[in-house]
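Model the full assembly from the supplied sequences, consistent with the hints where possible.
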Amino acid sequence: MIRKWMVWALLIPIIVAGTPARADDELDQLAKDFNAAMQKCYEQFQGERSASQPTSMPTHPSVEFAPKFRVYAEKHAGTPDAIRAMIFIIGNPPSWNPAVTDFGQIDWALKTLTEQCAASPALGEHLQTIQYAFYQIGIVRIAPFFERVIKDNPEKEIRATAMHNLGFALDQGGFPPPSEDAMKVNRKRAEALYRQLVAEYPDTAAAGRAKGFLFEKENLQIGMRAPDFTGQDADGNDIKLSQFRGNVVVIDFWGYW
Amino acid sequence: MLPHEREMVKRLEGKPFTLLGLNSDQSRSALKDILKKESITWPNIWQGTPGAPGSISQQWNVTGWPTIYVLDHEGVIRHRDLRGPELEEAVMKLVEKAPPRAGSSAPTTGPVKP
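Quick note, the sequences are listed as chains A and B, same order.
1 is the number of the first residue of the first sequence in the working numbering; add one for each residue after it.
1001 is the number of the first residue of the second sequence in the working numbering; add one for each residue after it.
In short, the hints are calculated from the structure, not lab data.
Do not take every clue at face value.
[To be verified] Simulated crosslink set (BS3-like; lysine-lysine; CA at most 25 Å straight-line):
id: 1; chain 1: B; residue 1: Lys-1036; chain 2: A; residue 2: Lys-240
id: 2; chain 1: A; residue 1: Lys-151; chain 2: B; residue 2: Lys-1010
id: 3; chain 1: B; residue 1: Lys-1032; chain 2: A; residue 2: Lys-240
id: 4; chain 1: B; residue 1: Lys-1015; chain 2: A; residue 2: Lys-240
id: 5; chain 1: A; residue 1: Lys-32; chain 2: A; residue 2: Lys-68
id: 6; chain 1: A; residue 1: Lys-156; chain 2: A; residue 2: Lys-188
[To be verified] So, partial list: chain B residues that the calculated Cβ filter (under 10 Å) puts toward chain A:
id: 7; residue: Leu-1035
id: 8; residue: Glu-1089
id: 9; residue: Leu-1094
C-beta: ideal position from N, C-alpha, C; glycine also.
Given below as structure tokens:
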């Protein structure tokens, strides 16, 4: 049966591949070949969906492709395309099962990015991929990279985004799930990071997200009185939350789409 | 969610309960059409598309739809993200604790058009 993490594992390369055409044909071709291999696997999953248990999992395409992306990255070291190649490796762990993954190539890519690319302006478009990847590769692997970017990158938006992404990862947990004690420490650190982000980079999009997190933490927890708000209904008339005081209120954020 | 919400509103008519929708569809007029089409009689705020700057959903850090908050009659948050029968059970328990009001599916103060 299709498990949620399988869908995730298949989606991430598609997300990465969806970005605009590269300047370099060789990397383009590698990406195309990789996506074709993933597509084949996806079709095989679809075919086995009716079976209660897949008879045998094909080898994850990253086993074959991660070394190829690495060779490319090493050949073109110092270029934005090398970064793209390393992001491919990080975004595509070579196993369908998060508990059974060989992180050798990913560790190499993260180490290289951390030590050689943390100051690159080309990182901006990739920070989100690394944030998504964290769910599977865990906070212990991700944190040093974001920390170095926060310290060394000359671009304000990149530093701010890295701060947010690190805070997000610390707050979420990732796989394997940290211990309860570790999560307590992580969550405190996440909150501190968000506050620092809002204080130091207030006009960034990342700070906007951090503000939302902090507002929710401080005002919207169970046991707190909900802060009042005013909006307009479909006819443009004002509605205030407080006008329903005395009633039990269910607030439903919804959309019809 | 909508059919269940309609039934819940009907079941709790006359009791101290309000279902307040915060809608993030394309436009105010799109919402108007939906309200009519789906016979939605409870109050709804239109507050712009998801993530619209300055919107209530952005301020409340709403990142998934639907997102549900349950407030008691004093405005205190008691539950988050309940659905269906669980939601209704929690609401019923809180409604039993609330002092009764006459005709109170409507807002306690101020005009509201269904």
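Structure-based check of all given hints:
1. Distance hint between B:Lys-1036 and A:Lys-240 is fulfilled; the C-alpha atoms sit about 22 Å from each other, no more than 25 Å.
2. A distance of roughly 57 Å separates the Cα atoms of A:Lys-151 and B:Lys-1010; the hinted pair therefore is violated under the 25 Å criterion.
3. Proposed proximity of B:Lys-1032 and A:Lys-240 is supported: the alpha carbons are some 19 Å apart, at most 25 Å.
4. Straight-line distance between C-alpha atoms of B:Lys-1015 and A:Lys-240 comes to about 20 Å, which keeps the hinted pair within the 25 Å bound.
5. Distance check on the hinted pair: A:Lys-32 and A:Lys-68 sit about 13 Å apart at the alpha-carbon level, within 25 Å; holds.
6. For the given pair, A:Lys-156 sits about 24 Å from A:Lys-188 by alpha-carbon distance, which is consistent with the 25 Å threshold.
7. Taking 10 Å as the C-beta cut-off, the interface hint given for B:Leu-1035 holds, the closest approach to chain A being about 6 Å.
8. With its C-beta approaching chain A no nearer than about 12 Å, B:Glu-1089 sits outside the 10 Å limit, and its interface hint is violated.
9. The closest approach between the C-beta of B:Leu-1094 and any C-beta of chain A is roughly 4 Å, which is under the 10 Å cut-off, so the hint is satisfied.
When held up to the earlier numbered hints, the structure conflicts with 2, 8 and fits the remainder.
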